[in-house]
Structure formats: structure tokens, C-alpha cells
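Q: Below, each chain spelled out in residue letters.
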Amino acid sequence: MFDYEKTVTLVGTVKLFQFTNPHCWIELSVPGEKGAEDWSVEMGAPLQLYQGGWKPGTLKPGDEIKVVVRPTRDGTQKAGLFVSAARADGTVLGKPQ
Amino acid sequence: MSSKSIARICAAAALLATAVVGAQKSEQDRVRVFASLPNWTGYWIADDGVENALGVSGRTENGAADFVRMKLAAPLPYTAEFATKAAAARKNSRGDTGKECGFPFPFMMESPWVLQFLITPEETDVIVAGREIRHIYTDGRAHPSPDDVWATPWGDSVGKWEGHVLTVDTIAVKSGTFPPLVSEHARYSERIRMVSADRMEDEITVVDPAALTKEWKVTIPYQRVAGLDRMVHGDCNENDRNPVVDGKLTIAPAN
Numbered sequence: 007m008f009d010y011e012k013t014v015t016l017v018g019t020v021k022l023f024q025f026t027n028p029h030c031w032i033e034l035s036v037p038g039e040k041g042a043e044d045w046s047v048e049m050g051a052p053l054q055l056y057q058g059g060w061k062p063g064t065l066k067p068g069d070e071i072k073v074v075v076r077p078t079r080d081g082t083q084k085a086g087l088f089v090s091a092a093r094a095d096g097t098v099l100g101k102p103q
Numbered sequence: 313m314s315s316k317s318i319a320r321i322c323a324a325a326a327l328l329a330t331a332v333v334g335a336q337k338s339e340q341d342r343v344r345v346f347a348s349l350p351n352w353t354g355y356w357i358a359d360d361g362v363e364n365a366l367g368v369s370g371r372t373e374n375g376a377a378d379f380v381r382m383k384l385a386a387p388l389p390y391t392a393e394f395a396t397k398a399a400a401a402r403k404n405s406r407g408d409t410g411k412e413c414g415f416p417f418p419f420m421m422e423s424p425w426v427l428q429f430l431i432t433p434e435e436t437d438v439i440v441a442g443r444e445i446r447h448i449y450t451d452g453r454a455h456p457s458p459d460d461v462w463a464t465p466w467g468d469s470v471g472k473w474e475g476h477v478l479t480v481d482t483i484a485v486k487s488g489t490f491p492p493l494v495s496e497h498a499r500y501s502e503r504i505r506m507v508s509a510d511r512m513e514d515e516i517t518v519v520d521p522a523a524l525t526k527e528w529k530v531t532i533p534y535q536r537v538a539g540l541d542r543m544v545h546g547d548c549n550e551n552d553r554n555p556v557v558d559g560k561l562t563i564a565p566a567n
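From first to last, the protein sequence lines are chains V and H. Numbering (this note's numbering) for the first sequence: 7 to 103. Numbering (this note's numbering) for the second sequence: 313 to 567.
Okay, chain V solo, but in the shape it has when bound (with noise of 0.2 Å):
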């Protein structure tokens, strides 16, 4: 589902962050030149995230922030497999990996 051969950097606006079963996902908000385009970004398990320094508190709507995603191997989704993700201020978020 996802090229693990590309990364795209997007820089948005948090709309919503699932800390969910399966998986996690952060509905991100990315001005481009035709206006905002949503992203879908698929992360771990809670528990993986967790481990990750991850919590449900990490990420409230409105939060700016860029994240490091693989994108779809077809391209037809805005959607991405996260990477890694920072503040605007440049602080990591997460536990290094």
C-alpha cells in the first residue's frame, strides 16, 4: 500500500489525532497552491505508540506540525505512512527512534 522507496514532508494543521485500535491516525490539514488538501496518516498500535512516547495529549487540533511520511504507492489517496513528526519549533515528537 505504501512506497517504502519515497518520503513526502508534509507541513499542517492537525484536524484530528486517533489514538486508536488498529492504528493511529493524524488527519492533517496541508495548504498547497489549489488550497488545503487533507492527509490521512496511518501510524502503530496505541501500544506501539506508546512505547514511542506517544500519548492521546501529544496532538490537539490546531497543533502545527511537520510529518515525515512513505505516501501511497499509487498516489490516488493523500495519504502517508508516518515516518517521524516535529513541532513548528523543531521539537521531536515521540521518543527518538
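Worth flagging that the hints you see were computed from the coordinates, not collected in a lab. There may be inaccurate statements among the hints.
[What the hints assert, rightly or not] Quick list of in silico lysine-lysine cross-link-like pairs, DSSO-like style, CA-CA up to 27 Å: (1) V:K66 / V:K21; (2) H:K560 / V:K12; (3) H:K486 / H:K403; (4) H:K316 / H:K397; (5) V:K84 / H:K560; (6) H:K486 / H:K383.
[To be verified] Computed footprint of chain V on chain H; a stretch qualifies when at least three of its residues, placed anywhere within it, have a C-beta under 8 Å from a C-beta of chain V: (7) 531-543; (8) 548-559.
Remember, predicted model here, so these are calculated numbers, not experimental data. Heads up, the beta-carbon is just placed ideally off N, CA and C, and yes, glycines get one too.
Use these hints to put chain H onto chain V, whose structure you have.
A: Showing chain H alone in chain V's frame:
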């Protein structure tokens, strides 16, 4: 009050006193047994648990193929007949669109999830983050009779303590598609022990004349999980946003 009535009351009081003393003695015995059991508190993960490689992204490039790294997925000494069955079962396994909704025994002992040992004098429970649970009865009971036992993904386990080593005998494990692929007649013997403050191991011996030409032994090492202060369980149904469409995993919009 008649002398008969007094005698009856005295007899009842004596019985009650005996019962109370018996219960106290039994409780003291239980506390003594409890105190003799090892302390395996904390959370553990098999060294080969692919969880270690998943990280926060939750997926690996190879997906299910990573299971081949597991000790329980090692080649088995199959009989010629069962080798064919096992190959067919592997072919019908999950593939790239499969979803994890719980692991059977013994795979759960080397799964990507953390696990916990809950020890009481009567039983030791293995609780896995994927919400699988094994009850290993250590109260001296035997397995149910052959007429009354039925195969389940976790089997029927009875155990006993040899010092701080928990020896376990498991039967009636339903045959499935997770390794090791053996028959429902397989018998599993385990020796679970702590080998150092932060290391444990489970030595598993599988005897299955219906599938294997000889017994098969594997040792799964565990490491203590640092920085985890509570069990965080998994659930494959809560918010599944990866529906399979036309044989491919897709991404559904957020609800």
C-alpha cells in the same frame, strides 16, 4: 435448656471452630505457597517479536514475511504426509491483506505484542497485549478427559512449579495457519523461567507423531520492556480504516 440441647450447641460450636481453624490454616498455606513463587512482574517481549522493528509507524516493508524470522517459524521435521498439509495451510494464510485479530498458542508466546505473567498459587495467566490469555492451572488438576476436551486456539494447559521454573503441559491446540503448523494432537511441554533480572525464556518441546518425525524443541528468549507503565491492549475492530477493496488494502476516511 435440656442437656441434649446443650450438647448439640457444643457440638456445633466445636465444628465451627474446626472449620475456622481449617480455613485459617488453608489461608496460611496459600500465603506460604504464594511467597515461594517467583516474581515475574513487569512486561516482556520476545526478542524476535517483530514489534521491536515496527516502531511508531506500525508497519514494515515486508509485512507478514517478517514472521519467517521467528523461531516458531523455523523448518519442522515433518512427516511426508503432513508436509503437504502444512504447505497448503501456509498458502492459504493471511497474505498481504491479512489482519491480526489475536494469536493462538504457541505463536502468542513469540508474537509482536508485549506479554505479562500473572502468578497465583492456583494458576499462572499469560496475558498478551493483543488480549490473548492463557490459563495455566497449577492447582494439581489434570487435563479434562479425552471425551470432554475440545481444541481451542490456546489449548488446555496444566502446570507445576519446579522451584522457580514453571513446567507446563498443553494439549488440544487448534490447528491453524500461524507457525508452527502441527496437528491438533500435538503435545507441548514448556519450561518457563527467569534467567536474569531482565531476561526470561520459554523452552517449548512439541511432540506430534501425526505431523512430526521426531520431537521439536525451541527456546524463546524474552527481554523486559522498559518504560511501559501499563498494559496497552490492541483491538482489530475499534477503528479499522484499512478496508480490503478489490483484494487490496485501502484507506478509509476518518469518522
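Q: State for each hint whether it applies.
A: Going through the hints against the structure:
| no. | hint | result |
| --- | --- | --- |
| 1 | V:K66 / V:K21 | holds (8 Å) |
| 2 | H:K560 / V:K12 | holds (20 Å) |
| 3 | H:K486 / H:K403 | holds (18 Å) |
| 4 | H:K316 / H:K397 | violated (76 Å) |
| 5 | V:K84 / H:K560 | holds (17 Å) |
| 6 | H:K486 / H:K383 | holds (20 Å) |
| 7 | 531-543 | holds (count 3) |
| 8 | 548-559 | holds (count 7) |
Figure legend: structure checked against the earlier numbered hints; the only hint not met is number 4.
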